[in-house]
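**Student:** Based on these hints, arrange chain B on the given structure of chain A.
Chain residues, written in single-letter form:
2 protein chains.
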Amino acid sequence: MRIFDTVGMPNPLRVRIALAEKGLAERVEFVQVDLAAAEHKQPAFLAMNPEGTVPVLELSDGTYISEVAAIVEYFDGLDGNRTLTGESPKERAVIHMMHKRAEREVLYAMGNYFHYGTPGGSPTLETYKAPHWAGRKEWGALERERGINGMRYFDSVLRKQPYVAGELFSLADISLIGGLMFAKISNAEIPAELESLTAWHMRMLERPSVKHPA
Amino acid sequence: MRIFDTVGMPNPLRVRIALAEKGLAERVEFVQVDLAAAEHKQPAFLAMNPEGTVPVLELSDGTYISEVAAIVEYFDGLDGNRTLTGESPKERAVIHMMHKRAEREVLYAMGNYFHYGTPGGSPTLETYKAPHWAGRKEWGALERERGINGMRYFDSVLRKQPYVAGELFSLADISLIGGLMFAKISNAEIPAELESLTAWHMRMLERPSVKHPA
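Line order of the protein sequences matches chains A and B. Those letters in the first sequence? Residues 5 to 218, by my numbering. Those letters in the second sequence? Residues 5 to 218, by my numbering.
Don't take each hint at face value.
Any copy will do: because identical chains look the same in the list, a pair fits if it lies in one copy or spans two.
What the hints assert, rightly or not - Derived pair list, reagent style DSS-like, types lysine-lysine, alpha-carbon separation capped at 25 angstroms:
no., residue 1, residue 2
1, K26, K215
2, K133, K45
3, K45, K164
4, K141, K164
5, K94, K26
6, K94, K164
Keep in mind that the hints were calculated from the coordinates and are not lab data.
Just chain A, with the same shape it has in the complex (with noise of 0.2 angstroms):
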């Protein structure tokens, strides 16, 4: 399998987290994708992701899958043991909700900043970003706001629970985790108040398959 990455990047960085934690890195070979040059915005890319995002999974079959939750339902279900997704009814539930609010409401509205909010990426990768919309800024400062919010309700659930979807690690971690990557190289910090989003941003750090992702 080959996986068509770019290694700082915060979603190739959720695919690499979840294969450290299944300890399926070796069976993977990464592919650099050049995001500075835009080139998941040129032909070849995007008849493998026609969204235009990295990183895209390879099956050996020749199956391109994109989209960082389908990535890792792919890996989490190989072995019969969904510790990333859940396997109960109910877990699989509570997981995939968790980690849609954590993309939509701090790795997509952070990234949105990123992207309208800041200057961004190259200059190369931002013509691809509607650079002469009016609305880009206003629009930039917006989604950081709706960012720091999503911040705030995390710190709320992880006042009340050790991991975002309850008492275990998870696809939802990984995603939020994503989020805060977003958010730093935007240099959208977490508010100091948020201790319980802070502390356990801090263990989230430490652990093996954060600090050593594949």
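**Tutor:** For chain B alone, coordinates are given in the frame of chain A:
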């Protein structure tokens, strides 16, 4: 189990189609939420779902599940026969990927167009949608364009296979049906040249679970 929803809206419809597919309609009691009065943005509702969206599933132990994919995961796992979300790791990955694309590229795009590019829902509801943001109409128009591009993508997919994720009906079809419903209430018709998407849509509208959802 109870579901807090609003008859006639795309996201609640997605769950009702899934319930009809699984034959579970009778196990659920529906509670109507008044979207026009922004009931889903008030504290009592936000305590169930802080994102303020319908539908929300309440399990018998009092757990609240929001997010359509999470709710469908729950129902699909109850009978040990995952007809909507797939059995093998590859099936599950493809279905989750295509579901996500349908959500992001059509459903969310057209939902944003509805709220920001058209008069949207009730005036009360729209006060929760950044009404003073100068860029809102332009953003709505960009989102409409993105949604139409999403339709073009799914037309190309459905030229090659009978269902959104391949040979079988799945969560991915349900999400695209929801997306096209948002397009319809925004008067963003499917472009006439997208014949495969149109033919699939007409076939879906005749499917028993879509014609007679829970």
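**Student:** Hint by hint, note whether the structure agrees.
**Tutor:** Cross-check of the supplied hints:
When the C-alpha separation of K26 and K215 is checked against a cutoff of 25 angstroms, the pair qualifies only within one copy, where the shortest distance is 15 angstroms, while the shortest distance between copies is 42 angstroms. Proximity of K133 and K45 under a CA criterion of 25 angstroms is satisfied intra-copy only: 11 angstroms inside one chain copy versus 31 angstroms between copies. Taking the closest pair of Cα atoms, K45 and K164 come within 25 angstroms of each other only across two copies (23 angstroms); inside a single copy the shortest separation is 42 angstroms, beyond that limit. For a Cα distance limit of 25 angstroms, the shortest separation of K141 from K164 qualifies neither inside one copy, at 36 angstroms, nor across copies, at 40 angstroms.
In this assembly of identical chains, K94 and K26 lie within 25 angstroms of each other by CA distance both inside one copy and across copies; the values are 22 angstroms within and 17 angstroms between. In the homo-oligomer, the alpha carbons of K94 and K164 lie at most 25 angstroms apart inside one protomer (19 angstroms), although the nearest pairing across protomers, at 35 angstroms, exceeds that limit.
Checked against the numbered hints above, the structure breaks only hint 4 and satisfies the rest.
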